[in-house]
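> Below, each chain spelled out in residue letters.
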Amino acid sequence: MRTIILTVNGLSKEVSVNDNEVLLNVLRDKLGVTSVKAACWKGECGLCTVLLNGLPVKSCMTLAVEADGKEVITAEGLYSDERAKKLQESFVKHGALQCGFCTPAFIVASHHVLSKEPDIDGEDLKKELSGITCRCGTYYQIYDAVKDARKYYKKDH
Amino acid sequence: MSYNTPNISLPKFTYYKADNLTDALSLLKQYNGNARVLAGGIELFKQMRQRLIVPEHIIDIKGIEELRKIDVTDRGIEIGPAVTAVELQKSQIIRDKCPPLFKAAAFMGDRILQNSVTIGGNLTSGLPCTEGVPALMSMDSVLEVRSAERSRILPVSDLVLNIRKTTLNSDEIITKIIVPYNGGLSGGYLKLLNASEMAVANVAVALFSAKRKLRMAIGAVSVKPYYFDESTLGWKWNEPIEENIRVALNAIGSTIQPMAYNRVASAEYRGEIAKVLAARALKELFRGA
Ligand SMILES: Cc1cc2nc3c(=O)[nH]c(=O)nc-3n(C[C@H](O)[C@H](O)[C@H](O)COP(=O)(O)OP(=O)(O)OC[C@H]3O[C@@H](n4cnc5c(N)ncnc54)[C@H](O)[C@@H]3O)c2cc1C
Ligand code: FES
Ligand code: FES
Numbered sequence: 236m237r238t239i240i241l242t243v244n245g246l247s248k249e250v251s252v253n254d255n256e257v258l259l260n261v262l263r264d265k266l267g268v269t270s271v272k273a274a275c276w277k278g279e280c281g282l283c284t285v286l287l288n289g290l291p292v293k294s295c296m297t298l299a300v301e302a303d304g305k306e307v308i309t310a311e312g313l314y315s316d317e318r319a320k321k322l323q324e325s326f327v328k329h330g331a332l333q334c335g336f337c338t339p340a341f342i343v344a345s346h347h348v349l350s351k352e353p354d355i356d357g358e359d360l361k362k363e364l365s366g367i368t369c370r371c372g373t374y375y376q377i378y379d380a381v382k383d384a385r386k387y388y389k390k391d392h
Numbered sequence: 033m034s035y036n037t038p039n040i041s042l043p044k045f046t047y048y049k050a051d052n053l054t055d056a057l058s059l060l061k062q063y064n065g066n067a068r069v070l071a072g073g074i075e076l077f078k079q080m081r082q083r084l085i086v087p088e089h090i091i092d093i094k095g096i097e098e099l100r101k102i103d104v105t106d107r108g109i110e111i112g113p114a115v116t117a118v119e120l121q122k123s124q125i126i127r128d129k130c131p132p133l134f135k136a137a138a139f140m141g142d143r144i145l146q147n148s149v150t151i152g153g154n155l156t157s158g159l160p161c162t163e164g165v166p167a168l169m170s171m172d173s174v175l176e177v178r179s180a181e182r183s184r185i186l187p188v189s190d191l192v193l194n195i196r197k198t199t200l201n202s203d204e205i206i207t208k209i210i211v212p213y214n215g216g217l218s219g220g221y222l223k224l225l226n227a228s229e230m231a232v233a234n235v236a237v238a239l240f241s242a243k244r245k246l247r248m249a250i251g252a253v254s255v256k257p258y259y260f261d262e263s264t265l266g267w268k269w270n271e272p273i274e275e276n277i278r279v280a281l282n283a284i285g286s287t288i289q290p291m292a293y294n295r296v297a298s299a300e301y302r303g304e305i306a307k308v309l310a311a312r313a314l315k316e317l318f319r320g321a
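Just so you know, the protein sequences line up as chains A and B, in that order. The first sequence begins at 236 in this note's numbering and counts up by one. The second sequence begins at 33 in this note's numbering and counts up by one.
Quick caveat, the hints were computed from the structure, so don't treat them as lab data. Some clues are possibly wrong.
In silico lysine-lysine, DSS-like type, Cα no more than 25 Å apart, as pairs [stated by the list, open to error]:
no.	chain 1	residue 1	chain 2	residue 2
1	B	K268	B	K245
2	A	K362	B	K122
3	B	K122	A	K351
4	B	K245	A	K305
5	A	K390	B	K268
6	B	K268	A	K277
7	A	K389	A	K362
8	B	K94	B	K61
9	A	K305	B	K94
10	A	K362	A	K320
11	B	K61	A	K389
12	B	K49	A	K265
13	B	K78	A	K272
14	A	K305	A	K328
15	A	K328	A	K390
16	A	K362	B	K78
Taking beta-carbon pairs under 10 Å as the criterion, some of the chain A residues facing chain B (in silico) [what the hints assert, rightly or not]:
no.	residue
17	G245
18	L246
19	E249
20	N253
21	K272
22	W276
23	K277
24	C295
25	E363
26	L364
Example chain B residues on the side facing chain A (calculated, C-beta under 7 Å, incomplete) [unchecked claim]:
no.	residue
27	I40
28	L42
29	T46
30	Y47
31	G73
32	F77
33	Q79
34	I144
35	N147
36	M230
37	R312
Cβ atoms here follow ideal geometry from the backbone N, Cα and C, with glycine treated the same way.
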């Protein structure tokens, strides 16, 4: 066991972990951050996506010790961001979910995309989100919700 | 812990974060045979979850600054193995001077994985479908490979032996990827995926106009990519492009031995698609020339 420090959604957390534990286990089981979902454990489904120092990564493929000293952001931490709040409202407005299992991952990834490219459209948007699977198949509603939220991410807003 | 089953949990190991190459190489030597280098982890952790390999020591090289750089030198373009697929696509040097690699990087897993996937890990995975090997082969690239004792140069075309098997020794690290051209190179990269997003064929082409050199690498059709140059393609610089492409496709057809792999595609289909992509890549390459 060793002690690592993670800043999770703005709060600094000290947590003891085994070297072979992935960030996904530590977030869900040791820190109670349950918006991060576990499904394939192969890097395929993307439901475990979090922002690590600002970049989306799949937390089932990232060791907790690799994240030592870094900043982790999940859907929980985005609720205090005004733009991300509007993005989440847009998901509701467009019915961009059925069971909702994939929603936190899509919120995290689309928040990242809109923050760097608020004009994104069409195939580019689909590509950016292609690492996340929605078993309920609400992709088109998700694209609409993200496109509708672009206005909140533009500088002049 | 509810995750203690194979395919989910990782076997036990000790993690080392190396901050310089000397440390990484001496750890690798100390635990030789029982240690693995960690870059993006995307292939390494997959193999460890399946218990295909169970190294007890994991040496993370992502914190080593010199392995994360892209430089233009008198040897050509030098790329650190820990550069990620996203960083390759953001680099103006790669965009301008290594177009096959620039385009190939966009296929190295999905956009989220591309924040983790490194070019060194992509090459060393030794998977037939990966993009790094054919893209770099088309530019005659070589690798600088080091162990604690020595350093050697290995052509990318000699790296992959078989599926998940490479010619690297267990105490060696790829420390640099060298593309031996600095400008004057145009090129392309095409890939066809089947409906479940598995690669049917990849084609990388590069043209060094000043030197009248044409290169092509065809990946995914077999365990390792096929390499062609102007002579094996039967290319004649004074013939019309259409005639050259016709001859080249014949040469490709009689050289490659496509395999049916993982139920992705039949051998015949693979062979046809390789030729279709090759023709398209050559047409695009010579459109402006
Ligand atoms: C769902 C999915 C789809 C994918 N699709 C594609 C695709 O279409 N095309 C594609 O190209 N890739 C694709 N990938 C990624 C590819 O399969 C590999 O997983 C990835 O390129 C590995 O890179 P990495 O940096 O994570 O390597 P790691 O997993 O860290 O390392 C892989 C191997 O290389 C060794 N290694 C790493 N760096 C070095 C070095 N510098 N010197 C010596 N040895 C080293 C490691 O010890 C390990 O054995 C996909 C991955 C997933 C999960
Ligand atoms: S659980 Fe991480 S990608 Fe599926
Ligand atoms: S809404 Fe059910 S998985 Fe996406």
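> Work down the list of hints and note, for each, if the structure agrees.
Comparing the hints with the structure gives:
Of the pairs offered as hints, the one joining K268 (chain B) and K245 (chain B) holds, with about 11 Å between alpha carbons and a cut-off of 25 Å not exceeded. A hinted pair counts as satisfied when its Cα atoms are at most 25 Å apart, and K362 (chain A) with K122 (chain B) qualifies at roughly 16 Å. A C-alpha spacing of about 13 Å is found between K122 (chain B) and K351 (chain A), which places the hinted pair at or below 25 Å, so the restraint holds. For a cut-off of 25 Å, the pair hint linking K245 (chain B) to K305 (chain A) is broken: about 47 Å separates their Cα positions.
Between K390 (chain A) and K268 (chain B) the CA atoms are separated by roughly 55 Å; this puts the pair beyond 25 Å, and the hint is violated. Under the criterion of a C-alpha separation no larger than 25 Å, the hint pairing K268 (chain B) with K277 (chain A) is inconsistent with the structure, at around 47 Å. Straight-line distance between C-alpha atoms of K389 (chain A) and K362 (chain A) comes to about 21 Å, which keeps the hinted pair within the 25 Å bound. Proximity of K94 (chain B) to K61 (chain B) is assessed by CA-CA distance (about 18 Å); at most 25 Å being required, the pair is judged to hold.
For a cut-off of 25 Å, the pair hint linking K305 (chain A) to K94 (chain B) stands: about 14 Å separates their Cα positions. A threshold of 25 Å between alpha carbons decides the hint, and for K362 (chain A) with K320 (chain A) the separation of about 23 Å falls inside it, so the pair holds. For the proposed pair K61 (chain B) and K389 (chain A), the alpha carbon gap of about 52 Å is over 25 Å, so the pair is violated. Straight-line distance between C-alpha atoms of K49 (chain B) and K265 (chain A) comes to about 23 Å, which keeps the hinted pair within the 25 Å bound.
Annotation: proposed proximity of K78 (chain B) to K272 (chain A) holds, straight-line Cα distance about 18 Å (limit 25 Å). Of the supplied pair hints, the one linking K305 (chain A) and K328 (chain A) is violated, its CA atoms being roughly 34 Å apart against a limit of 25 Å. Note on K328 (chain A) and K390 (chain A): the hinted pairing holds, with a Cα-Cα distance of about 23 Å set against a maximum of 25 Å. At roughly 23 Å between alpha-carbon atoms, K362 (chain A) and K78 (chain B) fall within 25 Å of each other, so this suggested pair holds.
Restraint check, G245 (chain A) versus chain B: the minimum CB separation of about 21 Å is more than 10 Å; hint violated. Proximity of L246 (chain A) to chain B is violated relative to the hint, the smallest CB-CB distance being about 23 Å (cut-off 10 Å). With a least beta-carbon distance of about 18 Å to chain B, the hint placing E249 (chain A) at the interface is violated under the 10 Å criterion. A distance limit of 10 Å between C-beta atoms decides the matter here; for N253 (chain A) the minimum to chain B is near 7 Å, and the interface restraint holds.
A least Cβ separation of about 13 Å between K272 (chain A) and chain B goes past the 10 Å threshold, and the interface hint is therefore violated. At a threshold of 10 Å, the smallest CB-CB gap from W276 (chain A) to chain B is about 5 Å, leaving the interface hint in force. This hint holds: K277 (chain A) has a C-beta 6 Å from the nearest C-beta of chain B, less than the 10 Å allowed. Of the supplied interface hints, the one on C295 (chain A) holds, with its beta-carbon coming within about 8 Å of a beta-carbon of chain B, less than 10 Å.
Residue-level restraint check for E363 (chain A) holds (minimum Cβ-Cβ distance to chain B is 5 Å; threshold 10 Å). Evaluation of the L364 (chain A) hint against chain B yields a held restraint, the C-beta minimum of about 8 Å falling below 10 Å. Look at I40 (chain B): its Cβ gets to within about 5 Å of chain A, closer than 7 Å, so that hint holds up. At about 4 Å, the closest approach between the beta carbon of L42 (chain B) and any beta carbon in chain A falls short of 7 Å, and the interface hint on this residue holds.
For the restraint placing T46 (chain B) at the interface with chain A, the shortest Cβ-Cβ distance is roughly 6 Å, inside the 7 Å limit, so the hint holds. About 4 Å separates the beta-carbon of Y47 (chain B) from the nearest beta-carbon of chain A, less than 7 Å, and the hint is met. Hint status for G73 (chain B): holds, given a least beta-carbon distance of 5 Å to chain A, under 7 Å. With its C-beta approaching chain A no nearer than about 6 Å, F77 (chain B) sits inside the 7 Å limit, and its interface hint holds.
Hint status for Q79 (chain B): violated, given a least beta-carbon distance of 11 Å to chain A, over 7 Å. About 4 Å separates the beta-carbon of I144 (chain B) from the nearest beta-carbon of chain A, less than 7 Å, and the hint is met. Contact between N147 (chain B) and chain A, as hinted, is supported at the beta carbon level, the nearest pair being about 5 Å apart and thus within 7 Å. Hint on M230 (chain B) is violated. Least Cβ distance to chain A is approximately 12 Å, over the 7 Å limit.
Taking 7 Å as the C-beta cut-off, the interface hint given for R312 (chain B) is violated, the closest approach to chain A being about 19 Å.
The structure shown violates the earlier hints numbered 4, 5, 6, 11, 14, 17, 18, 19, 21, 33, 36 and 37.
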